[in-house]
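Engineer: This is what each chain is made of:
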Amino acid sequence: MSAQSEPLVLFAKAARVYPKRVWGRFRKLKWGAMVALLGVYYLAPFLRWDRGPHVPDQAILIDMPARRAYFFMFEIWPQEVYILTGLLVFSAIALFFVTSLFGRVWCGYACPQTVWTDLFVWVERLVQGDRTKRMRLAKAPWSLEKLGKLTLTHMLWLVIGLFTGGAWVLYFNDAPTLIEQALDGAIPWSVGVWILALTFSTYFMAGFARENVCTYYCPYSRFQSAMFDRDSLVIGYDTARGEPRGKHKAGDSWDERGDCIDCHQCVDVCPMGIDIRDGLQMQCIACGLCIDACDSIMDKVDRPRGLVRYDTTANQDARAEGRPEPSTLVRGRTLYYAAILAVVGGLILVGLLGRTEHSLHVLHDRNPLFVTLADGTVRNGYEVNILNKTHGDADYQLRVEGLPGAEMRLRTAGQEHSGDISVFANSVGHFRLFITAPKGRTDRHDFDIVLSDADGQVIDRYTTKFVTGDGR
Amino acid sequence: MSTTDRDEMSGAETTGHEWDGIKELNLPAPRWWLIVFLLTVIWGVGYMVVYPAWPTLSGEGNRGGTPGTAGWSSYSELSDSQQEIMTRRAAYLADFREASYDDILADPGLFEFARAGGGAAFKDNCATCHGTGGAGAPGYPNLNDDAWIWGGTHADIEASIAYGIRSAHGETRVSQMPAFGDLLSAEEISAVTGHVLSLGGGDSSTPLGAQIFSEQCALCHGEAGHGNRDLGAPNLADAIWLYGGTAGEISTQIRSPRHGQMPAWSGRLDADTIRQLTIFVHSLGGGEGAEDSGGSAR
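Going down the list, the sequences are from chains A and B. Throughout the first sequence, residue numbering follows the numbering used here, covering 2 to 473 in sequence. Throughout the second sequence, residue numbering follows the numbering used here, covering 816 to 1113 in sequence.
Treat the hints as calculated values from the structure; they're not laboratory data. No false leads were slipped in.
Result set (SDA-like, lysine to any residue): computed pairs, CA atoms no more than 20 Å apart in a straight line: (1) K466(A) <-> P439(A); (2) K21(A) <-> G274(A); (3) K440(A) <-> A1054(B); (4) K248(A) <-> V302(A); (5) K147(A) <-> W123(A); (6) K440(A) <-> W1056(B); (7) K838(B) <-> D822(B); (8) K440(A) <-> A962(B); (9) K21(A) <-> C264(A); (10) K440(A) <-> S1013(B); (11) K301(A) <-> W24(A); (12) K301(A) <-> H265(A); (13) K301(A) <-> C264(A); (14) K390(A) <-> G430(A); (15) K250(A) <-> Q266(A); (16) K938(B) <-> N368(A); (17) K21(A) <-> M35(A); (18) K21(A) <-> V122(A); (19) K938(B) <-> R367(A); (20) K440(A) <-> G1017(B); (21) K938(B) <-> R1083(B); (22) K938(B) <-> D366(A); (23) K301(A) <-> H249(A); (24) K14(A) <-> P845(B); (25) K301(A) <-> D269(A); (26) K440(A) <-> G1060(B).
Over 12 Å on every C-beta distance to chain A, these chain B residues come out as not near it, computed from the model: (27) V856; (28) S894; (29) A909; (30) Q1031; (31) Q1068; (32) S1071.
None of the values given here were measured: they were computed from a predicted structure. Ideal Cβ placement from N, Cα and C applies to all residues, glycine included.
Turn these sequences into a full structure, and let the hints guide you.
Structural biologist: What follows is the structure in structure tokens.
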């Protein structure tokens, strides 16, 4: 075919990466992290935490239908989701902080994408063999063996996906009950949908998308350059020491050449499929597997380890120029991230500790805003909600303050109450409140509705308004 | 002619069509796209067989059309979901039918069931006249207040709703105020208007006005103007006016009275819904206990 009949292609398909097996310090660390993280993920829903009757005893539980979230001794209601917001902000800043200290360790060791991809690659290797075997199998024509191996791999992936989704829903339901239901084949369809969705997203993300998630989907890998400086810990290839690279036969001299023997191991083991010797790249998740690969080679050829290592740009330059290494952990950047972290953490703590156990919410009727009664007085209606966040039934008194002479009528369902009311444990009491102001009061008036406990101790107050026809 | 012509830049085949030196490339839709397209065509044909698809000229009511082999229709879907609601309601409904109004008030579950159902029915059927919040409008009474033309106990309210007011129903509440424009002089009308205005407190009464009132009006509205619920004659001494409380509005009502009309709802709404509406209206804030009313309507 002539060159001119080649179709014009502007899109390069990402090449599949077949990471090679490697063993070493960082690989051990990664296995350890994986076991710990997956262990927490799969087992945490089974932890119990006694909160007394009427309240679930699962240590970590997000109870959507009842609108409650439990985390060991902490418990939040929908009114307190700002604590969750705070937690998200805290996590984001913690990520920045750790990045400023140790570079992309989150990406390399703890990110679910990394952990599950690692697990999936392990399965792939178990069934199909190491890098070269997998590459050969991929290229081989279809055969019974290929079909068998691929089917087994995908089945195992799906099973892992199923367990991933299965564990996820345990955080939203009572775990033992749900498992019992699952064994009876009687899980609610909403739960089933979640399990399936997570099964397939795990299967897709860790089985197929893999490193592309980090490179193309993940916003964090893009904006982290804003957190990087010359003192950030990255994986670096010591160019000064390594170059000029070239093959090396046992017994040859190491003079006049670099330590890199161009064995390609660092590239073969890389889960991102990059060559670290090209310098720092956006794709690098700093997992350290290339370090393990290079160190093992350096041991073999009897050169010092550390040709590829965790390093900072500033240190690399300093070493090349023979200056002492300048980078330290205590820097402006780490200090101010730590400071912001402390402030946000403090605010969350204040929120949690200052959490009220009883609170009062009042909503003034909008339609009608007010009602004129036969005797010419004006009545306003209110929806009163009393939140009893304690784990026992509670008695309250409700009264009006700042509206002299006002007459108050309180109702739950069809029953009239005096100001003495009670609300069940861990629930919200709904009341209907009618307030009639004495005749002649025609202005709009702000006043307080006051909630006190059975002994008259004020617990909460809510400022609301009284509206009349003339003075709104 | 049969040799394929290739574009130099891209190497792609051309269709042979040329306009001012520009050739059209022959880039057929990808095979997978074509297959998906054909599959949707097959799907479409299958859909027309399985579901109602083609309108026909004949057919029951306005439902004419090919029925489809699956027997699905949006009518049956609607009635299925209504059936589902009915079965869910049925759990409460049995108790609700047994229960007296007092029982319902004492049972929070039943009360909420009734109030919620009544609230929904109110928005559908009553809001056009009484307003979504039941606050009414001139000529349409506010159902939130404690002034009732026909009575504010559960029984009174239920009767007002079920039989209507000046409606076509045989048991409707009905009464009529004479048109005094033909019976009284303008002077007398203004005098009695002054007396009406004084009933709620005020000094606009004159001996003539007081005399006409007790002769002509007290029969229905009572000596002191406190009204009569059996006759649907409103209380003229309170702060609440159906047609407005200015001298002009009052004298207009005396000269040529308007009469509010409300359709009877029994027959349009089932008895359960009417009872739910009763609970709802009563709960708005002005509902009366049996002892407040001085007698029930039924």
